[in-house]
Structures are given as structure tokens and as C-alpha cells.
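Trainee: So you can see what is in the structure, the chains are spelled out below.
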Amino acid sequence: MSATQQEPRFAQFKLVLLGESAVGKSSIVHRFVKDSFDDFRESTIGAAFLTQTIQLDENTTIKFEIWDTAGQERYKSLAPMYYRNANAAVVVYDITQEASLERAKSWIKELQRQANQDLVIALAGNKLDLESERKVAKEAAQAYATEEGLLFFEVSAKTGQGVKEIFQSIAEKLPLESQIKSKSQPKSVNLQRPSTNNQSSCCS
Amino acid sequence: MSIRRPSMAERRSSMTQEGSLRPPVVPHLAGLEKPLPETVPEACDVVIAGTGLTESILAAALAWQGSSVLHIDANDYYGDTTATLTIDQLKTWVERVNKGEIKGYQDAVLYIPRGNEFKSKDFGIDLTPKVLFCKSDLLSLLVTARVYKYLEFLPLSSFHFFENDNFEKMTSTKQDIFTNQTLSLATKRSLMKFIKFSLDWESHPDVWSPYKDASIETFLQEQFKLEKAQIFELIFSIGLCNNNETHTPEALARIKRYLISYDVYGNFPVMYSKYGGAGEISQGFCRSAAVAGATYKLNTKLVSFDPKTKIAQLSDNSCVKINEQIIISPSQAPTDSKFLSKQNYEIQRLTVIVKKDCTQWFHDNESAAVVVFPSGSLESNNKQAVQAIIMGEGSGITAKGTCVWYMSTIETGKRGRDDLEAALKAMEGSILRESSDLDTQDYFDNANGMLNSVKLGQSFKDFVPKEKIQYILKFYYIQFTSIPHAGVVNPNLYRKNSVHVEDDVDAPDRGVIYSSLPSSEISYDGIVTASKILYEKVVGSDDDFFDVDFEDDDDEGSIANNLESAIAEDDDDDEHIVEPGAAPVEFAEDMEL
Chain A
1 MSATQQEPRF
11 AQFKLVLLGE
21 SAVGKSSIVH
31 RFVKDSFDDF
41 RESTIGAAFL
51 TQTIQLDENT
61 TIKFEIWDTA
71 GQERYKSLAP
81 MYYRNANAAV
91 VVYDITQEAS
101 LERAKSWIKE
111 LQRQANQDLV
121 IALAGNKLDL
131 ESERKVAKEA
141 AQAYATEEGL
151 LFFEVSAKTG
161 QGVKEIFQSI
171 AEKLPLESQI
181 KSKSQPKSVN
191 LQRPSTNNQS
201 SCCS
Chain B
1 MSIRRPSMAE
11 RRSSMTQEGS
21 LRPPVVPHLA
31 GLEKPLPETV
41 PEACDVVIAG
51 TGLTESILAA
61 ALAWQGSSVL
71 HIDANDYYGD
81 TTATLTIDQL
91 KTWVERVNKG
101 EIKGYQDAVL
111 YIPRGNEFKS
121 KDFGIDLTPK
131 VLFCKSDLLS
141 LLVTARVYKY
151 LEFLPLSSFH
161 FFENDNFEKM
171 TSTKQDIFTN
181 QTLSLATKRS
191 LMKFIKFSLD
201 WESHPDVWSP
211 YKDASIETFL
221 QEQFKLEKAQ
231 IFELIFSIGL
241 CNNNETHTPE
251 ALARIKRYLI
261 SYDVYGNFPV
271 MYSKYGGAGE
281 ISQGFCRSAA
291 VAGATYKLNT
301 KLVSFDPKTK
311 IAQLSDNSCV
321 KINEQIIISP
331 SQAPTDSKFL
341 SKQNYEIQRL
351 TVIVKKDCTQ
361 WFHDNESAAV
371 VVFPSGSLES
381 NNKQAVQAII
391 MGEGSGITAK
401 GTCVWYMSTI
411 ETGKRGRDDL
421 EAALKAMEGS
431 ILRESSDLDT
441 QDYFDNANGM
451 LNSVKLGQSF
461 KDFVPKEKIQ
471 YILKFYYIQF
481 TSIPHAGVVN
491 PNLYRKNSVH
501 VEDDVDAPDR
511 GVIYSSLPSS
521 EISYDGIVTA
531 SKILYEKVVG
541 SDDDFFDVDF
551 EDDDDEGSIA
561 NNLESAIAED
571 DDDDEHIVEP
581 GAAPVEFAED
591 MEL
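Protein chains in written order, with UniProt numbering: chain A, 1 to 204; chain B, 1 to 593.
Note that these hints are calculated values from the structure, not bench results.
In silico lysine-lysine, DSSO-like type, Cα no more than 27 Å apart, as pairs:
hint: 1; chain 1: A; residue 1: LYS164; chain 2: A; residue 2: LYS109
hint: 2; chain 1: B; residue 1: LYS321; chain 2: A; residue 2: LYS76
hint: 3; chain 1: B; residue 1: LYS119; chain 2: A; residue 2: LYS105
hint: 4; chain 1: B; residue 1: LYS537; chain 2: B; residue 2: LYS310
hint: 5; chain 1: A; residue 1: LYS109; chain 2: B; residue 2: LYS119
hint: 6; chain 1: B; residue 1: LYS103; chain 2: A; residue 2: LYS76
hint: 7; chain 1: B; residue 1: LYS121; chain 2: A; residue 2: LYS187
Excised from the complex, chain B in its bound form (with noise of 0.2 Å):
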């Protein structure tokens, strides 16, 4: 730990003197003020191995703060255990992993059929596919440090939840709940009468801290008299919860998480990032730190790292001076590593390109939609949730006619395959049975004006396909984290990573600092609190985190103030779930009969 530096405005009081009334920050204009160095540099404060999205955040507020960092990747390409890739990357990535050479992964499969052309630059595929919440700690970061500038999101409104062999739409707005007519007057009543509460549960303990240890089922149905049907749609559409054992606490932070973050960019809860989710905003953070004078270099690996000397060797038999920490990511791990720790949490998943542009799925000029399978609802009868992002060839990702979807599960060894297996064979059935023309009865929803295909409430048990499913490719993997699964708001779970400089033990990575392999989160929330955790181990503290001050630019007007509360947010408080964003919704008001 290092008492804190000054920061960048402060050590540059020589650039901000001159003509200017509010001295702004001003960056080192890499490239622009002074000749580059032609090596990498001998000494540095600070090292990051791997540029994740986590590592790639911290390499930013690291620069922006006045360190000097040097960030390097063993791959030829941004964004490592969160990278978006091209097809040829992929199988690139799938040999790799199976010869045992990225750590944190197994078992990795990639079945490409014969017969289809295709190029391999037209697809996107995302290692650690994510949406983007629209109150949330990422995002306001992402205006912050404007980076969101480098970048293009967009809207995501279609929740589709899986029930009864059906998928139905989610009924998760006042529109909705009140144009139901499946629902009875009281259920209406009763689910108005959650939301309300939701949105500002942490308030009323009164009503939940009997439920602390209990399921959020339970709480629901005893505190709130609400349907299965219901209840199940909070728990893993809006909630986006593992399965409904989930710890009422925590679920309630989930369900408000939606529910604060529809209506603040329109009728929508979450975005996504076009032409690759986390690998782009990976980018954006690289590039807004080497705009601070980081230094980027690619295709390099720590080999290994003294930490009396503070001296690190790189694969290109360069060595660095450390003057302050070095932070790799479990993926990058110097062979022979001794102080991993444990990755004992297992995700699998499975990602497959079809040749079906899949607009059913999607609400109009939308090209991306969200699937949930909770538990139970799968012919594997599946314990846990299988969450899917579907991407559609608005998303920038898959070329024109074709859709990717997403699959994970928290389930592991073999019962995990086979859910998400049952899951793409109800996707399969759903979207062949939308698109057949053996149906065409469409009806308008009267209430919000959108087309909806009444397709997409029948069941298909009956339904028998003419035509079979095409697939550009089909890909599986296991990713291990050390993150525990739906914990990701609490920061106590970031902190346990310690550095080792035991003498006695010989090993390349000893007094290294492991960032952490990604959440099963299919949601950016925990990424941002990772990367303050971080910082802080290198800083000493975290009050700094990102704590610039651009002038705005001439055309967008001022900057969104009241986004940033996020940011600023204090998680001191350990015990204390963090809870990103905290205002009121417009929508909440109204409500009320």
C-alpha cells in the first residue's frame, strides 16, 4: 500500500495554468505532447497482466489517477476472459484451452458443419456475454469517464420467460400487469403492492428481515399472497436469479435493480454494446487509458516476478521495474504459478449461431432479447435457471440472417450440459414453430400498441417442425471463477484474493495480486466494485477511483449529473449489500390507482 499520489490534475499544474478559469483535467495526449519511447518501458508503478474488462478498468483509473502502467496480454487480441471474438479466433481460443493453456477453462467444444460459407470477421462472438443494466454503476462510469463515446448501445426490452413448455411475455411494467387479463384483480393488486416495495425495500426491514435467511419464494407468497406464476417471473426474469432458494435480501436487490432501471432511456431495463458486448467496452477502457499515458502491449506474458527485487519478466525477455504492485488475471497465470486461488465455482456454457434471423424473439426496431428457463421448466428438469442473451445481426455480432443466443448455467458436470442442451431444444422448437408458416394469427396488443405474435403464448407440444434448425456453429465450454454464484453486489467477495510473499515458497507468481476470473452474472454488475477493490490494493484507497473532471464537449450539452450517484457510492460499509443506484423511478409514482 502506497499513501495516495497526487492526482493527474494536480501534478500537471503546468498544462491547466494557462487561459482556462476551471482547470480542467488534462491527459497526457500520448503521442500528441512528446515522442513515444521506443521500448517498453524499464520501470513502471504499476503492471496489469491481462486486459479484461475488470483489468482494463482498472489500467484506466490507474492512468487517470497518475500511475504509470504498462498493460500487457498474452493474446493477440483486447479483451481476454471478457474478449470478443472472430470465428477463426475461436477455434484458435478452443485448442488453446484444451491443450491446458488458459487457465480458469475446460472442456471446450466448437462444432462447425461443413457446407456453410461464411466469413469469419462477420461474427463477434463474446467469451463472457453481458447486458448492460441503465442504472448501474458501469454505466454511469462509462459517462464518467466518457467512454462511452468510443462505443454504441442499444436497447434491449424483450424478457421472455419459459413456463409450461410456452414462452410468454413478461409482465413487467404497470402496462403490462394492468392490461394482463390473465391476471385477476387481486393478483394485480397484490403485485402492484410488491413493486411498490421493492423499489424501496431496504427501508422497510420491517417487512423482509423476518425472510433474511429464507427464500425469496417463500417471502413472496407469505408476505405478498403472489401466484406461482408471478413469483416466478420476479424471481428469474426481473430478478435474473440462479434458482428460487436465492436469499430474499438479495433477490429483493435484483428485482429492484430491474425496476430502477426501466424508463431511465425509454421502455427498457438493460442495453448492450454493439458489435461485441464486454470485448468493446474492454477496448474502451484500454483506449481511454492509453490516452493517460498507458502504455499497451500485446502478445506478451509475465513470465515471472520477483518480489524482492520488484522485477518482472516478460515473455519477450524485456524486464520492468514495479514500482508499486502487479495485478494479473487467474488467466494469465505464469506457468508454474503457485497462489491461484480456488476456482471452485463453475459455469457452463453454450453458445450457438443459427441461420434464423429470429425477429420473433424481438420488440420492434430491436435486435436482442432475453430468455430465461427457471428452474424446473426444462424436459431435463433443471435445478438451476438457464439464462440466454439472444443477438440478432442488428447487434452488429452475426452476419446478416443469422442470430446468435447465448446459454449458461450455473449447473455443473453433466446435468449442466444436458440443461442447456433441453434449453436449445425449446429455443429450437420455439422459433421454428414462430417462424413456420403454418400460423399466422397475429394480434395486436391493444393496450402498448406492439405487435406481439400470439405464437409465442401457444404451446408446442403439438407443433411438429418441417424444417430443421441450421447451424453456423455450435460452441461449449466450462468457465470456473472464484466469485460465488448471484453474489456479485457484495464487495466482501472481491476482497479475498491476499497477496502471498511467503519466502520459503518458489514460484513465478509470488507478491502478485490475482484480479478475478468473470461472475456467472450475465449482467456488468460486480465488475466495477472488482476493479475498485483492486485499485484500492494498489492506492491505498479508492476515494480517487476515476475522479476526473473532463470539460464537456461542445455538442452533447451538460453531462447527466445525476447518473454518477453510482459511482460515488461508498461500499466502505462491508457488511452492507451495495446497491447500485438509489433515486427514484418516475414510473413508481403513478402507480397507485
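The following block holds chain A by itself, in its conformation from the complex (with noise of 0.2 Å):
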């Protein structure tokens, strides 16, 4: 939106978030669009999900729309809509909680499941600043990250450390160019631009 460049290269993602409520996900997100976007409107994530871009270099900017479950994974009532054509998933644990790990786990089987088989998948264990707490050893965790394939950070939302990493590394990761493609040839209707002279016009 702001400088363009000659011929900038523009892609979108969907990314969700998942991990008990107490890990602290909605805070690492919170703290990756807050740090790096100073307008920072919150109404955006009440009207759908948070929005965020990445400049990846000088001509590609890639934009995450991140969902957050909104509660609605607490009696199990994740939707499918939430996981479909998710292309990337940031599962958070507790680093000071054990069980936590655990129920990280079963979300990245659920992953597996129910959402797309290219899902990029970072795993992420939260509050690095409690390390006098820590209850889970960052060799295991890596172990079993390295095992499913995942990337692997811990992070700090309070003091930010790691956060942006995570966004970017799960960027660079991303299938840029197929989703560039995909996207320039959109066929469904875009319901905010009611137009007399839509291009699916077959009679011009």
C-alpha cells in the first residue's frame, strides 16, 4: 500500500493459532502485530481476525490473517471452517507447564487430520522469561518437534524475544510462488465490490 516497487509481489496466508488458553498464544500474537504495526486497530480482529504483513524483501510483502479460535475450542467446538485452507499453524505451549507440551501434541495430531497436508506447523513454547520455572526441557521439545517436522521456537511474548522469528521463519517457509498464482486468477465474487462490470462478464 505504501512504496511500490516495480513489480511488487504480493501473497496472502491463513494462519491459526491453537494451544490451551493459559500458554499465552493470543499474547504472542498480540505482541508480533502490536510491535510491528503502530496504527494497531483492534477492531479489525473483532470483525474477522488480525492482519499482519511481513516485508520478506524489497519486493514481496506477504500477509498473514491470523485467526484466533475465539473460545471456540474449549468444549471442542473447533469449526471446520477454522482449519480450512489453513496454510500455516502456530501451536503454543507453556514452557513452565508440563501437561502443556502435551495437549500441544494432540492439537498437531488434530492438525494433521483435519487440515491441509502442505500446513506449515510451528510449535512454540512461551514465557522464555520464566526460566527458573521451566518444567520442559528444550531438547525434548526440539526432539519432538524435529520428529514431526515442525519448526521449533521458545519465546517470550512478555519481553517479545523469539516472536518475530517465528512469523518470519513460518514466511519463508510458505509456498510463495504457487499461492501468487493461485491468486491471480480469483473466481470467487468479492461481496464488497458489487460492480455492473465484473470481469466474470461474459458478454462485456
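Join the two chains into one complex using the hints; note that each chain is given alone, in its own frame.
Mentor: This is the structure:
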């Protein structure tokens, strides 16, 4: 929207958040979105989802549509819509709560069952600022992530440590080319843009 | 009834003070702002049972208005009576219907031939298939509530019309009318005159009021001198009426609905949501409600409600104190309930998945079509129309190389089933003929540059198919509803369910408000009206129904204000037939020659 390059590339991806409610999955996103977006408007969340863009290189902008569970996971009531066409997922656990890693693992199973095959999943251990209370060894979580082919990070939503890196790494791993390609031939109707001269018009 | 409470925006003044000139509506941000409660809340303003589309819109409207909502569903999936189901889920559904566990349905039959390999998850079959008119109250609401952002909508421009054993392409646009060589000049003129009139028919009572109680067929014959073929097209395809006896004003409203929807987003009158119709849209509104703070719990049923203590007992052994109202779908009525209103109207549905892509029926780059079988057009000599929605693989609801045919009729009993089978036979014959190699005589319809198959217009009386249609499944069921057929535009029809609080009857549903089961309408019309009336029963008025003002997103530009008129529309005048949208349409202007 701001500086325009000669041939800017732009791709949009859907990212879903999962994890127990106390692990701070939401504060990670809060940190990510707020830190790098000074004119943060919360109303956008209410309407649909959080969005945040990342500048991958001079020409390439990636926009994340970040879907929060909005509490629907509490009673195992997440709708299929939540997983549909998700490109990436951040599954969060709390390094000071051993059980939270087990919950995270079950979410990852659920993702592998429900979501796209090529979903990029990042496992994120939060509360790195509480190192003294650590219950989950970094090596154990790392080993699990490697085994499952996940990105792995330990972060602190409180200090911001490691947060940006999660999204940066996901952005780098996403299939940029194919997304740009598929977006260039949209067949669906944009309900916000009524038009009598629609491109789908057959009779011009 | 309660007094109107402060809206979400008013209640949350603390959130809106800083940094913003115009205080935006800021939601609860469930899960972002504060830790989530661990159990079902002990008290809430409203409990809603059933996540069908009407109830889901209601839940979202109430949540955004500021009510605390607990939304439950006895099923382990969203959507209830308007759900989109996988084949495995369908199997369970059929069993449960036949055990009497799902109220409002009967005689469900599911036939799955052996030998077909398929993945249940590749299919999403709608229990209540529908199409969305491009100018309608639901469309406006999807935009206002931003729920469209969770969904994808695809265009549908092919409306086929079956007559004299033929499939005809409709001549519904001015291009079609001008270029149709089978129409006489006089007919063209009459048709144009009528279309122009119908776009503004309400302002010309002098023309139609003498025919207020007469059939639309009589009206079109006498007032516009139209011929039967055009009359039937107007009544059945454009108007999607069930029969030619439909009363004039109602049919005119239905015809106008189509015409004003044309060219709003392009050269198509309707759209449908990808990956499943009403089931997807329900999920979207449930998500919207959750974002505004509603609590969701599937697999949970209402056991009983006590109107004196206002405590609802749920199937997970929890209790909820309800400050205001409890609204339940008739499909989720508790065992031994006594106040369910009579479901006097019958809808028969036959859904098949065929191993054919059926692209012959779709417009270029589209994956869906509507096929209408008017009264008397079928071998069964049908009295009522059979309406069919066809969805190919691009609709996201069916596997590659397959197609879903949703057929429905309001005909009752054995006749209804015979009509559906006759329609199925006609469609089979047509698709076999069109996809056969016998005849490859395609031509270009020069006028609008569309590739059209000449086979569409040929009788298939002489055609003997070499192959047989292969089915992945065949699925038949009867659904009941309290909503009269084709009466969806009249809000009065939804006002009937009243709350029973008689002291002398001991019943688990005393004091609950019932919503209604889906109507026979194949568009979404009537659903927003139904939600609004329920909303009014809880809040006292529908003045602030989805009165939210979200800030615009960074990249989407300004919101289409012109689409929002339909929601703001006043339906307080109960005697009046409410018409979604009323703005003039572009092509009305240049129609005169």
C-alpha cells in the first residue's frame, strides 16, 4: 500500500493459532501484531481476524490472516471452517507447564488430521522469561518438533524475544509462488465490490 | 421482554476512549483480552440450542448487541438442520432420523452402491441446500457483519428450464430476449414491458391489484398477453414459484427478486458459498458470535427448562441460570416436549451424487446450475415444481469428476417421491445425452459469445443412452416445517410461535421459544427475517439488530454502503410484504429500444 516497487509480489496466507488458553498464544500474536504495527486497530480483530504483513524482501510482502480460536476450542467445538485452507499454524505451549506440551501435541495431531497436507506448523514454547520455573526441557520439545517436521521456537510474549522470528520463519517456508499464482485467477466474488462490469462478465 | 440494554459499543467505553477519533465497536476479543472460563458459565442472558443458520445469526446478533450467549448443539457438528455433512456423518444422521432422534424429519433413505471408492471427507452434503440472491437481506448482513470474510462465494448464472421433455436455457436477460430467434417481435415487446413493470411493480397497484387474489398465470396472460412458454419461465425459473397458482403479488415479489439481483456483482443473479451452503454460513455466524464473546458447546442438549427458576438443565449435567430467554430449534426439542408447534408443511428432498462432472450444464468458469421442472413437465405429471440445484467439483463439496444434484418439491406423500424420481430420470437422460459422443454439434451463440450446446435444446425422446449413470449415493428424506411454502417474504409467518408458560402443564419445554425449521425456499430469503423476529422476542425490538460499525480493513477500501439498505429496511408494517432491496437496476434503464 505504501512504497511501490516495480513488480511487487504480494501473497496472503491464513494462519491459525492453537494451544491451551493459559499458555499465552494470544499474547504472542498480540506482541507480533502490536510491535510491528504502530497503528494497531483492534476492531479489525472483531470483524474477522488479525492481519499483519511481513516484508520478506524488497519486492515481497506477505500478509498473514491470523485466526484466533475465539474460544471455540474450549469444548472441542472448533468448526471445520477454522482449519479449512489454513497455510500455517502456530501451536503454543508453556515451558513452565509440562502438561501443556502434551496438549500441544494433541493439537498437532488434530491439525495433521483436519488441515491441508502442506500446512506449515510451528511449535512455540512460551514464557521464556520464566526460565527459573522451566518444566519442559528445550531438547525434549526440539526433538519432538524435529521428528514431526515442525518449526520450533522458544519465545517470550512478555519481552518479545523470539516472537518475530516465528512468523518470519513461517513466511520463508510458505509456498510463495504457488500462492501468488493461485491468487491471480480468483473465481470467487468479492461481496464488498458490487459491480456491473465484473470481470466474470461474459458479454462485456 | 426486556428494555433495550446498552449496546456493545456503549458498554465498552473504556476500550474505545484512547487513540481513536471515532469510537469503533470493539468486541470482547474472547481469548485475547482475558483468560477463558473453564466451565460452562453458571449464568447467561440467553441460551440458544441448535446451530442452524437462523439460530446462528441470532446468536451473533445478540452477542454483538451485548448479551451473554451460551450456544449449544446436540450434534457433534455445526449447522443442525442446515448442516453440511460428510458421507459418514450422513449415515449417522439417517440412522438417527429413522430412530426418531431428530425431530422434523422422517423416512430417510440412504443408498450407497458397493464398489465405489471414495473418501467421506471429500463430500459436503447440505441438508438444506440454498442459493443466495445477489440483492438480498442475507447478503447485506454478511457484509455488515463481516462474516463474508470467512467465506468464499461463487457465481451461478445457469438457470435451466425443463419443458416438453427439453432443457431450455432461460431467456432472462435483455440480451437473451433480443437475440432469441424463437420469440416474435410482439412477444419480445410484451416481455420487455413486463420486466420493466416488475422492477417497480409496487408503485403500480392499478395494474396488479385487480389480480391480488388471482394467479400470476392469469395476470400475465391478461395484463401482458404473454405466451405460456414465457409465463412459465417467469413463474418457475425466475420466480422459483412452486406452481402457477401462486398469487400475483407474491409471484411479482419473487420475479423482481431475481431481476434486481442480476448484474449486482456480474451477469448472474445468485451465488453460493463454497464448501457447503447454509452449513458454512452458519459456521461463519457462530464464529462471529464467539468473537463477540458467545460460548460454544457442541454435543450438548437441553434436558429441561424451568420457567419459574429460569434454570436450564443440560445433558452434560450442568445447569445454567438464564437471565432472559431460551430459544431452541424444534429439531433439538427435549424429550417429552409438549409445546412444539405443528409442522404442517412437508418438503421432500432427493440428493444424489453422480459420477459425471456435468459441466455441460454450467456456464463457463462456473460449477453450479439451477434446473427447474415446472408443473406438468414431468412424466409423473407433477402438480408442484421440482427445483434442483446442481453443484460440480468446483463448488468444493464433491470429489473430482462427480456432481451433486439437490432436488426438492413441496408435493406430499408418494406423489412427491414419484415427482422427484421422475425429475431424476429426466436429468439422467439429459446428462447422458449431452455427454455422449453421438452428437457433437456445438454452436456459438453469437449474441453473447457463449458456447452453448445444441443438445440442451433437443428432445431426448429418441435418445437411447449407451451407458448408465453411476451413483456414489442417493439420499432421500422428508422434512417438515411450520413455515408455509413460498411465504418466506412475509414476516408474519414467523411471529406465530409464542411462549407457553401455562402452570398446569408439566413439560421440559415450558417457557422456551421455538425457532422454526427451514422453509421449502431454495434461496436464503426469510432466514434473516426469522432471526430478527426471535431477536425482537429477546431484546424487545430489532432496532439494534447487528447495529455494529466495524472499522474498515486496511486493504479493502470502503464498504459497499449501497448494499446495506436491505438490513436497515423496516419491516414493522406486518401487513406489508417485505421485499429485500429496492434500488433500481442498471439494465432497467437501457432496456427500451
